[in-house]
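Asker: Listed here are the chains, written in short residue letters.
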Amino acid sequence: MYTSGKYSSRGPALIPRMKTKHRIYYITLFSVVLLGLIATGMFQFWPHSIESTADWTLDKRSVHDAPLIRLPVSSPIPERGDLSCRMHTCFDVYRCGYNPKNRIKVYIYPLQRFVDELGVPISSTGLSREYNDLLSAISDSDFYTDDVTRACLFIPSIDVLNQNSLRIRETAQALAMLPRWDKGMNHLLFNMLPGGPPDYNTALDVPRDRALLAGGGFSTWTYRQGYDVSIPVYSPLSADVEQPEKQPGPRRYFILSSQTAIHREYRAELERLKEENGEALLLLDKCSNLSQGAASARKRCYKGQVYDYPQILQESSFCVVLRGARLGQAALSDVLQAGCVPVILADSYILPFSEVLDWKRASVVIPEEKLSEMYTILKSIPHRQVEEMQRQAHWFWEAYFSSMKAIGLTTLQIINDRIYPYAARTYEQWNNPPVVKWSSVNSPLFLPLIPPRAPGFTAVVLTYDRVESLFRVITEISKVPSLAKLLVVWNNQNKSPPEESLWPKIGVPLKVVRTKENKLSNRFFPYDEIETEAVLAIDDDIIMLTSDELQFGYEYFNYLYTYKMPGDIKNWVDAHMNCEDIAMNFLVANITGKAPIKVTPRKKFKCPECTAIDGLSLDQTHMVERSECINKFASVFGTMPLKVVEHRADPVLYKDDFPEKLKSFPNIGSL
Amino acid sequence: MQAKKRYLILLSAGACVLLLSFLGGLQLPAARSRQDRSRTGHRPDQPWPHFSDPLHPFVPWDHTDTEEYNVHVSPRQKRDVNTSVYKGRRCRMDSCFDFSVCQRTGFKVYVYPQQKGDKISESYQNILATIEGSRFYTSDPGQACLFVLSLDTLDRDQLSPQYVHNLKTKVQNLPLWNDGRNHLIFNLYSGTWPDYTEDLGFDIGQAMLAKASISTENFRPNFDVSIPLFSKEHPRTGGERGFLRYNSIPPFRKYMLVFKGKRYLTGIGSDTRNALYHVHNAEDVVLLTTCKHGKDWQKHKDARCDKDNAEYDKYDYKEMLHNSTFCLVPRGRRLGSFRFLEALQAACVPVMLSNGWELPFSEIIDWNTAAVIGDERLLLQIPTTVRSIHQDKILSLRQQTQFLWEAYFSSVEKIVLTTLEIIQDRVLEHSSRSSLMWNSHPGGLFALPQYSGYLGDFPFFYATLGIKPHPKFTAVIHAVSPLVSQSQPILKLLVAVAKSQYCAQIIVLWNCDKALPAKHRWPATSVPVIVIEGENKVMSSRFLPYETIVTDAVLSLDEDTVLSTTEVDFAFTVWQSFPERIVGYPARSHFWDSNKERWGYTSKWTNDYSMVLTGAAIYHRYYHYLYTNYLPSSLKNMVDQLANCEDILMNFLVSAVTKLPPIKVTQKKQYKETMMGQSSRASRWADPDHFAQRQTCMNKFASWFGAMPLVHSQMRLDPVLFKDQVSILRKKYRDIERL
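Residue numbers (the UniProt record's numbering), protein chains in the order written: chain A, 1 to 671; chain B, 1 to 739.
No lab work stands behind these hints: they were computed from the structure. Worth double-checking, as some hints may not be accurate.
[Stated by the list, open to error] Straight-line Cα separation of at most 20 angstroms, EDC-like style, residue types lysine to aspartate or glutamate; simulated pairs: (1) A/K101 x B/D375; (2) A/K379 x B/E547; (3) B/K393 x A/E428; (4) B/K292 x B/D313; (5) B/K723 x A/D656.
[Unchecked claim] Some chain A residues flagged as far from chain B (calculated, every beta-carbon gap over 10 angstroms): (6) C301; (7) W395; (8) R466; (9) V467; (10) E468; (11) E476; (12) K485; (13) L487.
Beta carbons are placed, not taken as given, at the ideal position from N, Cα and C, and that holds for glycine.
With the hints as extra help, turn the sequences into a complete structure.
Answerer: Here it is as structure tokens:
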């Protein structure tokens, strides 16, 4: 900008002295600039796919390129995990610090290949596909940082998902060699298959100092509540098999058992249940005639009949998830995906993400000892509850089990919630499926409070310039005993409100607020002057109010009107000078899920002499426009939140044949 | 001309340069960032790279489940091994609790008989009295699932006057001790100066602890119960309500964050309180400490003491408590402090600074919805943190403090019952409460999971689940007099109710001594009429949770009630808007009789009412279950013996649950034939004792509930055009106008 200004200002001085060669010079300059412009433009607006492919090929590397690290035999081994570790003792919270987004920063160690002195790798599989997916999901997420000094949580790239493929001692040594290990502080390990034969411990056996463990298959004795995170065992089938979602409802089988490695004692017990209850139960096992391999994982058999797995799970209401050698079972994930309610028989098992997920709404937990009573217990569950559980189960799978990404990010979110508990996700956010989130209403004023008499209400009168009528309204309202304050919203910018001495003398404080613009929405602005919970909103042309009649809005909804109302509605109201009251009703209904309450039989609200032209409600197009409003608002809210009710509130003795002076509100109804 | 042309060329060239530099400028940052990325691509710490080579799955296909398990030890044996290994500090329900007794008899609690000479503190007396008065109590140890000692274990601070000596031997000598298996031990204080250990000073064996100020290290999850620290003055039943009377918007109060308490200078737990002065600003963050406590405080006094003490005396604790948005609850010598419950009741959102405290009832309460859990290590960030909390969130935190206070903490009874219910939920795992039931109104003590596991079967969760109640009702008519003539009111009533478009079925509860009338004596109706012979013919049987009631709404009727079809229809449409309340016709009121110092009952026409009698009322069928299973047999027996007051009791119950008044619909007040003077049959309403009995009932009920749960209302709901001067043809409920 600056340079060009200088250039053109110098222009006129140059031109008279210009010669032909100069002209050529200028033309060349011009064409060069033009060409440059075109080139830049091309570069700028060329489809970006080319670049990203270039990037992608650049990043596309082999695991074998990762640096090789040789572990000396004498390399230090971390201590075994400390069972008393909690966030306030074993986690360095200073690393996370305060940040306005309330989000932890996670660093992932670059991939290294660890081998022992003989060159044998520490793990038989190396980096697994699943762990790779998990790490790349985290690195693509908001949690990721590549700045190791700013990180709050560290994730080693050493894959410990499956303990069976690990050499325990060497893996531990490798962990201790990580540059930021520092006794495992703020390190997070992901493990899905802990323990090994013969005793199958329920937590990873690799010594790991103070590192947090996100483990599948914790028992109550190894799980450090509030420190570790219990995660599901990922089922690779879910990525492979496309299944249409099945709606909740009754299904062909009542109970299905599809696991292959069930202890013979339990299998015998299941057989007995099948004998007693017949067709309601389907008891599947491995197919003996099929060869081992990927194909056999997709088939199950019962008495020679072959069923497709996991599709068959969709045919049953309940699916048994029995403990195997380990507590965590990949079958749980398949079962949830099918929208089949898991019946979990694994004593002392800490269910996946139990810190935040309410499993009671998605599963049935039965002690192993009561396996024989399973049928009776499940039969006692009301079928509507079964449907809700089916829906909930599928939703849990979709949100938290379906991919390594889902599992990884959920784990990080749980840890994030512990570090910033005041910004934690709520129970509803974790547990309500989107269907429910849309249809449910959580009123922001949920406490059943009976409005107290003491604070009274604030009357808000919106006026333009009808002073005479306004004064009458004010005088009338001021007779109400519960009135605490009167607020006049002066909506006329061209005219000043009358002198203070001219206002009627009333017993309560009266405030006049002048607005900057003549907007109907001003009525619902949350003025600081409103100190009471209840607000009476009235127009200046309503003079037929007898002093007993009250119509309550809530101050809160005023606030909502200004700050929470979908943006375009507010603008619409201001532009059309109409419908602000309808908008308010929409909002209140949407937030509380309740209908408003009409009080007493008053219907005529306008004074007869106010038929002046400036009376808003008299405009010919008014009614038409108001119908339009309703349609417009309904489309913005996405649903029709308004509810129709057939009742109205009257005082208890209304219209009773009873001495008027004994009634609390005798003036009502004297139309 | 030439010059002009040149000038033009020059100008356009200039413009092009400008454009170029502009576009280039746009381009440059993008290019730079791309370059950055490609450069870091070669550095070791980069975003996770995309690996081109095929990777192995973490578990091979044929290993999806291990084969070894089939030859492994029997799972039963493995469970037995667990029980022998996990003892003491590693106790869990699976290893240290015997479920078998509970399965046989249900969840029953036995309290050891008190021995003469045992000194028992008032608080512990209250705990024992609550258990003995609860529906879980059994006096037969053979039936018991849980045992509670009559030895006072509340205060295990050796320096305390309440400390019970020789507890070790006393406990070991108990005949049913069985190494503490299935025993529950209550404790408020343990350990003493200087280290305040959490050891109780005797071997608790396999017993469960219900303990205040327990730390997460010592807390055995799903086995122990963390209870709040409560004072000697904490009321046994009822309890004060929360202090929040109305919501204010914006929700900020005079102070942002306050605290007033002792400072310890040295020793365990002193650090946090000693550092509070850093955050104090004497404006909206007022954190006051005093060194003046104990006999020899002057000895330990530090440089800041005099200044702190002076500041401390300037403020009034009560004033601060009621006028602050947040209240700091830092640990004292022990982890829990009285400040916690005080703040909760005052609707001052507690800001916890007590690292490692297992918060009260943490197993079931989601404390993030009612408190701010701070970290002692981050004390200096606390003001910034609380200021960053959005006002919507403050509003909801504040209301939740009130809900939790009233649901679980306001009396010793609530604390004890919550403890027992938590343990019951563990014992009957498949019919236990979900977190939603514990954390939303009306709370776990009123939402009994044995009724149904489906939330939609309760009257409280329709909005949360986004569903509506069943669109029909079941009428239950309570019949006490024999069927003699065809013009009897019950038959008219039956016909009128059956005509309602919302009626699903009619149940006639035959509580008459005479035999059931023949089937053809009942009028033919379009809805099924089911006649049930009342159990023992007692009053309470009208509120039994009959399996035959399939709808959510119950229309409860006396046999002599006079109602038209329109009135029934209208009442039901109103109930659909208020499914958790009693909606009906006959309204009554209560009042405090200051002369006699007791509650009075009135059926006079007054300007308000607090009860709607169940002679013609609609309510949710869950209240049948609650009436039968929640109320103690002492009250139900009283009702049965008097054959009276069952409707008052129902109103007490529903108002105690909802904290709201019932709803009266339309003008109708006379709804009995007898009252209209047409017949003088020996109705129970004609009995002169009847009214006096109802006064007595009221006072008896109020004392059991610990407070008066009834709430007055001045509102009556009428059809929208009721008595309006418009054409009758425009009105939907025309019959209601004619009395």
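Asker: Go through the numbered hints given earlier and state which of them the structure violates, listing their numbers in rising order.
Answerer: The structure conflicts with no hint, since it agrees with every one listed earlier.
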